[in-house]
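Asks: Taken in order, these protein sequences are the chains called A and B.
First residue of the first sequence: 1360, per this note's numbering; consecutive thereafter.
First residue of the second sequence: 1360, per this note's numbering; consecutive thereafter.
No wet-lab data here; the hints were simulated from the structure.
Incorrect hints may have been included.
Identical copies go unnamed one by one, so any copy, or any two together, can satisfy a pair.
Stated by the list, open to error - In silico lysine to any residue, SDA-like type, Cα no more than 25 angstroms apart, as pairs: (1) Lys1387 to Pro1376; (2) Lys1391 to Pro1362; (3) Lys1391 to Val1456; (4) Lys1401 to Asp1417; (5) Lys1401 to His1449.
There are 2 protein chains.
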Amino acid sequence: MDPYFRLHVFCCTNERPENHPRGSCAAKGSVKLRNYLKVRAKELGLGDVRINSAGCLDRCEHGPVMVIYPEGVWYTYTSVEDIEAILSEHIQHGRPVERLRIQALGIQAP
Amino acid sequence: MDPYFRLHVFCCTNERPENHPRGSCAAKGSVKLRNYLKVRAKELGLGDVRINSAGCLDRCEHGPVMVIYPEGVWYTYTSVEDIEAILSEHIQHGRPVERLRIQALGIQAP
């Protein structure tokens, strides 16, 4: 069976109190960046890609984080430029953006 | 690379106003059932499985819905019994629960 979405993107938008020791993706700007990604994906006409918000993805130390399925590629991102790179490289052309990837043990060495 | 979670489960908990024509998963009890799933997964010690909430997954007509990655298997569920079936069959033993699956065009014929 073909997947329902070619790519399914989940951006953590979890919010914690400001002084929480784990921090939170929302406190690091994830909501604005997720909204930007959603608008841009629509502008680009990417109808087979779904951009979702998600609760805590439990990788808070790398936040803001997103995961793209079915590949299961994880990203950390902090700017509109990062989102544009993920969009144009990974989402449009299937080439993971290595500099932003999170591996099992942390951000991949360059 | 191994996936970060063996299974990553996303339950829609989107909420819309009561009279919205598309309805919403939250209005159909998804939050309670998602919380039940999360508690039960923890009780069963399923440390390699992540149960997440998600925003609207855009399959509202089948709600409440969940999707399990990396397989990309979609479910509709309405009761604790449905959740228990997905847990014991799919999540613990890798056998999709055909009676609850949503296919591209709707619920699979029995």
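Asks: Determine for every hint whether it applies to the structure shown.
Replies: Here is how each hint holds up against the structure:
1. Lys1387 to Pro1376: within (12 angstroms within a copy, 29 angstroms between copies)
2. Lys1391 to Pro1362: For Lys1391 and Pro1362, the Cα distance exceeds 25 angstroms both inside one copy (28 angstroms) and across copies (27 angstroms).
3. Lys1391 to Val1456: Cα proximity of Lys1391 and Val1456: one copy only (21 angstroms, versus 37 angstroms across).
4. Lys1401 to Asp1417: between (28 angstroms within a copy, 14 angstroms between copies)
5. Lys1401 to His1449: within (16 angstroms within a copy, 33 angstroms between copies)
When each numbered hint is compared with the structure, a violation occurs for hint 2 only.
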